[in-house]
Amino acid sequence: GENVEQHPSTLSVQEGDSAVIKCTYSDSASNYFPWYKQELGKRPQLIIDIRSNVGEKKDQRIAVTLNKTAKHFSLHITETQPEDSAVYFCAASIRQGAQKLVFGQGTRLTINP
Amino acid sequence: DAGITQSPRHKVTETGTPVTLRCHQTENHRYMYWYRQDPGHGLRLIHYSYGVKDTDKGEVSDGYSVSRSKTEDFLLTLESATSSQTSVYFCAISDFGGQQETQYFGPGTRLLVL
Chain P
1 GENVEQHPST LSVQEGDSAV IKCTYSDSAS NYFPWYKQEL GKRPQLIIDI RSNVGEKKDQ
61 RIAVTLNKTA KHFSLHITET QPEDSAVYFC AASIRQGAQK LVFGQGTRLT INP
Chain G
114 DAGITQSPRH KVTETGTPVT LRCHQTENHR YMYWYRQDPG HGLRLIHYSY GVKDTDKGEV
174 SDGYSVSRSK TEDFLLTLES ATSSQTSVYF CAISDFGGQQ ETQYFGPGTR LLVL
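Chains as they are written, first to last, in my numbering: chain P, 1 to 113; chain G, 114 to 227.
Simulated from the structure, these hints should not be mistaken for lab results.
There may be inaccurate statements among the hints.
Listed below are the simulated DSSO-like cross-link pairs for lysine-lysine, each with C-alpha atoms no more than 30 Å apart in a straight line [as the list claims (entries may be wrong)]: (1) K100/P x K170/G; (2) K58/P x K22/P; (3) K170/G x K37/P; (4) K22/P x K170/G; (5) K22/P x K100/P; (6) K100/P x K183/G; (7) K57/P x K42/P; (8) K37/P x K124/G; (9) K57/P x K37/P; (10) K100/P x K124/G; (11) K68/P x K183/G; (12) K100/P x K42/P.
Heads up, incomplete: computed chain P residues facing chain G, CB under 8 Å, no partners named [stated by the list, open to error]: (13) G1; (14) P34; (15) L46; (16) F89; (17) G97; (18) K100; (19) L101; (20) F103; (21) Q105.
Idealized CB from N, CA, C, for every residue including glycine.
Extracted from the complex, chain G is given alone in its bound form (with noise of 0.2 Å):
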């Protein structure tokens, strides 16, 4: 559990800031990806990254943009946040042909937007 970690854990906001959320790997992973996690939704894909500077959409891109300047790094950006992004929010890393081919969670991060 401590090769990935968020920041921040907990976070309220209000509608129309900008937030940055934060993950961390210690692992050396190739890829890494968030996720957002609502009731009923399971958890969907927002962004992914295969590599420094290089990411692409998943499912869920709309109101999110994200940065990869270092491999251990990997930032989500709600650029003006609104309520429908109330969610918990998860980081995942991968390595395909290393030793952590699966994907590994981080802690989470929960976001409420007032």
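This is chain P alone, in the form it adopts within the complex (with noise of 0.2 Å):
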């Protein structure tokens, strides 16, 4: 099956400074990549996500790379605030029907003022 793996677990980044994390996937037939940002206590909610058929999305100061020869993709935060300080999720399935989603472990992002 399908496993995700993501780098760093932590990190630490000066605000107004970028921010990358990094996931890899295992299923070549992997095809949708959304990535989860949950604040302590709260759900995890989308930020942003990508399908096979784009190489970049970005959204304001967020984007997302995807690399499905080497099987990575990546998160970029720019111009890091207080605010994005949270814990961020990559994720990995087949797009069809239910999406049965497979997370990497997870990256505690920290912006230090």
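Quick one: dock chain against chain with the hints and give me the complex.
This is how it looks when you write it as structure tokens:
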């Protein structure tokens, strides 16, 4: 089955700097890759997703890149702000009907003022 | 956030007792999911449903059963709770081909098995 590895497990950056979180997946059939943000005690919330027919997607300060050949995808956050502090999860699945998402282990991002 | 609720939000129980968690949606989405979240493991899929009375196992289904008798409700049952089932349980919904193709999560249920 699918296996998703996420790195780093913790990341600390200065406010205004960029943050990058990387994930690798094992199943070449996976074609849908969402990213979720989870604040302490809250539910995971989708922040951006990408499908395998696209190499890059951007939404304001957040971007995701996908390399299908290498089977890895990354989350990029630019101009980080204190409210970006949270745990971020990547996931992978095959986009058909029920989405059996396989999640990475999570990255705790801390933005230092 | 009002489209999906979970009950109870917190529960403490003893080893060996049965526990049922409820997920309720008002979005009429076809697909519903149960995940558990544990430190160092991210979220792991327990069971999912692709319609009324249609369910299937996820990656960590041992010790859990589910039922879906109507579109809006998806129940997760721990037949005989064990301490290893102490976790935070999240329900999620999606609607492939519809407006909510992505999974949207409920607020979670924190379960402690003593």
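To see whether the hints hold, each was checked on the structure:
1. K100/P x K170/G: holds (10 Å)
2. K58/P x K22/P: Holds. K58/P to K22/P sits at ~16 Å (cutoff 30 Å).
3. K170/G x K37/P: Measuring from Cα to Cα gives roughly 26 Å; hence the hint holds.
4. K22/P x K170/G: holds (28 Å)
5. K22/P x K100/P: Given that 30 Å is the threshold and the Cα spacing comes to 20 Å, the pair holds.
6. K100/P x K183/G: Judged against 30 Å, a Cα distance of about 21 Å means the pair holds.
7. K57/P x K42/P: Between K57/P and K42/P the Cα gap is close to 26 Å, so the pair holds against 30 Å.
8. K37/P x K124/G: holds (25 Å)
9. K57/P x K37/P: Holds, at about 17 Å.
10. K100/P x K124/G: Judged against 30 Å, a Cα distance of about 27 Å means the pair holds.
11. K68/P x K183/G: Since the Cα atoms of K68/P and K183/G sit roughly 39 Å apart, the hinted pair is violated (cutoff 30 Å).
12. K100/P x K42/P: Holds. K100/P to K42/P sits at ~21 Å (cutoff 30 Å).
13. G1: Since the shortest Cβ distance to chain G is 7 Å, the answer is holds.
14. P34: holds (6 Å)
15. L46: holds (5 Å)
16. F89: With Cβ-Cβ at 6 Å, under 8 Å, it holds.
17. G97: holds (5 Å)
18. K100: K100/P check passes; min Cβ-Cβ to chain G is 6 Å, inside 8 Å.
19. L101: holds (6 Å)
20. F103: holds (4 Å)
21. Q105: Given a least distance of 5 Å, the restraint on Q105/P holds.
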